[in-house]
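Participant: Read off the chains here:
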Amino acid sequence: MDYLASAGVLIALYVMLAASYNLIIGYGGLNTIAHPIFFAIGAYTASLLGINTGWPAVICILAGIGVAVVASVALAITTLRISGDYLLIASLGFQLGLLQAVNNVEFTGGPSGLSNIPLTLAGPYRSWLYLLICTLLAAVVVWLVWRSMVGPFGRAVRAMRDDELACAALGRGLFAMKVVIFAFGCGVAGLAGGLYAYYFQYISPEQFNVAQSATILTMVVLGGIGTIWGPVVGAFVLVALPQAITFLQLPSSLVGPLQGLIFTSLVIVFLFLRPYGLVGKRMAGAAH
Amino acid sequence: MTQEILRLENISKRFGGIVVADNISLTLHAGDVLGLIGPNGAGKTTLFNLISGLFRPDAGRIFLQGELLTGPLYRRARAGVARTWQHMRLFRTLTVLENMMVAPRDYPGESMLQSMAGAGSVRRAEKSARDRAMHLLERMALAHIADTIVVDLPFGQQKLIGLARALMNDGRCLLLDEPMAGVEDSNYETMQRIVRDEAAAGRAVCVVEHNVSFIKDLCTEAVFMSFGRILQRGSVDDLTRSRELTELYFGIADA
Amino acid sequence: MTDPVILLQILWTGIAMSSYFVLFTVAFALTLKVEKLWNFAQAGLMGIAFYTMFYLLNAAHWPVWLGVAAAIVMTSAVTVAVEIWAIAVLRKRHSSGLIFFIFTLIFSQFVAFLLTLMFGTEPETIFPSVMSPVRIVGGIAVSDWDLSAVGITLAMLIGLYLLIRYTRDGQFMLAVSDNEKLAEIYGISARRAYILSGIVSALMICAGIWLYGTRAGVTPDVPIGLILTAVIATLIGGLGRVFSAAIAAVGLALLQSFSILFISSKWQTLLLYGVLFFALLLFPRGIPAWRVKRIRPSPQTVAAAAAPQGGS
Amino acid sequence: MNVNVTRRLALSLPAALLARGAFAQQKEPVRFGALMPTTGPEAGYGLDFVKTYEMAVKDINDNGGVSGRPLEMIVLDTQAKPELAINAANKLIDVDKVPVIITAWSSVVKAVAPIANRNAVLELNMGANSPDIANLGEYVYTVFPLAEVDVTALANYTKGKLGKSRAAVLYINNDTGIGGAKIYRDVFTKAGGEVVAFEGYDPKSTDFTGVLLKARVGNPDVVHIHGLSELPQVIAQMRQLGMQQQVTSYSAGYNPKLLAQLGPAAEGLIVTSLAPTASNNPNVAKLLDLWKQVGRAPNGLPYLQYAWDSTVVVAQLYDWIGKNNLPPTGENLRKALLTIGTFDLPMTGKLVVTDDHRVNKPVYLYVVKNGQFSLLDTIS
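Chains as they are written, first to last, in the working numbering: chain B, 1 to 288; chain Z, 1001 to 1255; chain U, 2001 to 2312; chain X, 3001 to 3380.
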């Protein structure tokens, strides 16, 4: 069942994205929605290197992570001084602007995207190998998030989310912490991007737009913002459910909007009745 | 002569056209518990914000234990300025113990890598912070709520935790913004006792309070402020006996 | 391209096209000012307003004025419902800005999906034809649509100005936007002001989408793109300055129009995001020259608003 | 031979075969997958494609199926978005085990291509015309002429027959627009014409004044607009600016909605179509009859003719491997495609599939006259 493996790869990639995004927004309280752009940066860097240099996939993916981290630090240094709602809008401007640029220049393939990404791990077990690698990496990412959030660093980050001023007045240097979690989270997104590009062998700008931001945000909110397992559950539900719905033999003109309606109404219901998500406990996050 | 902890030299600050600190000079020594009183808008909390680094003064200098105090909020906290807030500003999703353990000056967790690696030095620092926090809570007879999320606590206890968190910073300068407002009964007594003990242990404490009777219960000395200026410094009794100040205070406060 | 007739033509169509941006921006900026809310749900309201008009005029064959009136009623009703049953609840809970953002954005998406289910995704226009009669004035083409767009927008802006300046409810709205707590102390209902600002915004949205939908095709996805321009103009205009935001919207539209002289038009959108991004970097709290001067809420304005007024 | 196969499979009415048709239903069906946008902005076309496949499949099965076995179609939604298409393609291949997938929309065709190549599943494009589709790999073929076919014909016609020498080219800044506009520019220049303006606009634009004025400054005698659903608005604004030049577009402009939106302003517009109409191919009348039963006019009729014919191609491929007793794999279907090579199709005429992954077709040019599209010329 290659299909299951392929859905599994997607779940694992989204676990990475949601867990790293949750680190930034759920634990760190940094209201950015530009996560997909770092996913895109990782994917485009890895693909372009893979296509143009023929370097091994691992190197290209690592380079993708590197560029995502550098870009995120650059964005962080310039915009993290802006707080709250402004950061949200600034990140949106960064995301849409960069995507527009990718769309308009030639070497990224423009709106047609990149379709000749080299085939890696060819063979009958390709999907299963990818599933294994992605699952392991996703587990490592979740473990790293957990490990960093249970210790003193995590405590300071959560304190910062709850009250920046009080946290600074206790002697914690917020800016460095913000940059670190932002860079880490975006690096993970870059990793997911590289893997995505190599597995699916096709990327285009529209895969990284605001709809993608909304998807990842929905995973985090639905699962439980500011919790370890929330994003994992959210990613699983949001990838698996639509797949399950396609097995329901509904008329296909209904399926798309119906899925959309189900998910958006779920989010709305959760926001009001269970703001702490599927796995969160009361007050477990910034959701309230 | 006891040791000088905090010295303000000719501090001035304006916001737009409003003068909130007008050439203020003030010295605090170890063991002092100095009350700041004055009508609303006199610049009491602003003075705290100037000392702790939330605002930069337009003119004047601040010294902590003889050294020039500069830099942003967090540097001054590390230098030894601990403060509480009128509205407490507790970390609402953290437990009491976690709230307190954010505060030590030699915090081990600012590096993500170090924190994750959980190296020996980190573990030792964490243990010592935990021990100190538990000891403080025991002194407040609050050890049983160490693992409670702070928002679930009654108001008076939250105020005490605000103080306890500030005390985790073992610097010598302690600024308390309305510590007694809304605190009653046994919590009131605890607050009083802890503040006095800390002063006796060598801290210089400065308290902003509205209610003069709190100041009487807490402070050895007081300063009367109005429109960003220090009008008079003296014993609490002296200040409250001054007809001029009383009129100024209540006259404006009632307006 | 530097022929004055061409420049004037770009100027004129740029101004005409900016009309709906202005209306959406004013709606967005007003809600932000009065309710302190980044109301992305307004994208959903645009969708509702458009498809109500589209359905009533094309399928139900209602007279134009009745269809438009029904769309206004419908949009206002949804605005008020969202205010009472959702926004007020979140506000009461002291929810974080992020939660408001998620709710309003997801609400718009929900509406978009619902409209897709009901009306499909073919681009639709309010009237079957997108042509409008043209006259040439001094070498410049001026269409009826251009004139009605400028006229409607000016009328709406003047109406808003009069409302704020000369009615008690308008003054209450200002007072609440200045300082909600203080206003309540003076007996002004913040809730009433919120609902009023919501309804005024709904009116602006209906007018804006009418102009848009008589000129270009609308699909359920279109409004979410439109709201972004409104956000950008609001930020550039300086927060809390509704009329500055309107001017910023015109400015941005003209910047995009005139950029064609220097760059290929495919870069126009990027220009918009670029302006947004750099404006935020340089002025993280809005453009300073236009920033509201009062740092503290002034009791006088609130008191003045609360004081009984003879004439109104 | 080929002709006979086609006619029997697709359209023939001999009563004798009806019995076989009934018999066919009891055998194990042969399957193909279709990835179409049944929701999202492109669903207007996607749904009509699906409807047409259903008609074609029913027609084939009513006439005996494929080598006695019924043809079955599995449709999955893509919203014309690559990431959804990838998932859907995986499901078609792994769960539904189809060896052949029909796709359209160039981003979808491209996204599915690596999956088709990896899994040795045949991917047939029936609607996208992006020129890069010819280079997507050994399992990706098109039954639809790529942009060079109609745009080349149009550009040459404009220069040669219409005698226009200064063209302004405006295009929507996406895959389709960029690809088509570049071909037009190159062909028109090569034919001796001059391209005086070459401007892309953002797909989200609603105001085209700037681009149009830029075009006007070049003083063109023909304006080629390579756009999609915003095409009527571009033309409307152009006419409102007083620009009276000849306008041309490609097959996306061959759409009745455009006539309604533009009214008299559409007069003189030249568009292309890659399929014959009922007047020069009687089979098309049958398709129109079937659509009359649906109760509304179909969107993009020429594309629907290709939709029908792509179904017929699939049926013929299965017929071939059935006759040669080969297992129904993507590899064998590909072999069938290349071996048969020439298909005579009911709705769009002769199709020649070759190793270079391109096909050639006659191009029909239409001009809007008295509010209707009327045939201007046929270029083969």
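Just so you know, these hints were derived from the structure itself, not from any lab.
Values in this document were obtained by computation on a predicted structure and should not be read as measured data.
By construction, the Cβ of each residue, glycine as well, lies at the ideal position given by its N, Cα and C atoms.
Any given hint could turn out to be false.
[Unchecked claim] Short derived list, chain B residues pointing at chain Z, Cβ under 7 angstroms: (1) Ser148; (2) Gly151; (3) Leu170; (4) Arg172.
[Stated by the list, open to error] Now the stretches of chain B that chain X is said to cover, found in silico as 3 or more residues with beta-carbon under 8 angstroms: (5) 5–13; (6) 100–113; (7) 118–129; (8) 189–202.
Participant: Take the hints in turn and mark each one as holding or not.
Facilitator: Here is what the structure says about each hint:
At a threshold of 7 angstroms, the smallest CB-CB gap from Ser148 (chain B) to chain Z is about 5 angstroms, leaving the interface hint in force. Checking Gly151 (chain B) against chain Z by beta carbon gives a least distance of about 4 angstroms; that is within 7 angstroms, so the hint holds. For Leu170 (chain B), the interface hint holds, the least distance from its beta-carbon to any beta-carbon of chain Z being 4 angstroms, beneath 7 angstroms. Using the Cβ-Cβ criterion of 7 angstroms, the hint placing Arg172 (chain B) at the interface with chain Z is satisfied: the shortest such distance is roughly 6 angstroms.
Three residues within the 8 angstroms Cβ limit are the bar, and the region 5–13 of chain B against chain X gives 3, so the coverage statement holds. Check on the region 100–113 of chain B: 6 of its residues sit with their Cβ under 8 angstroms from a Cβ of chain X, so the three-residue criterion for coverage holds. With 3 residues having a Cβ less than 8 angstroms from any Cβ of chain X, the region 118–129 of chain B passes the three-residue criterion, so the hint holds. With a cut-off of 8 angstroms between beta carbons, the region 189–202 of chain B has 3 residues touching chain X; three or more are needed, and the interface restraint holds.
Checked against the numbered hints given earlier, the structure satisfies every one of them.
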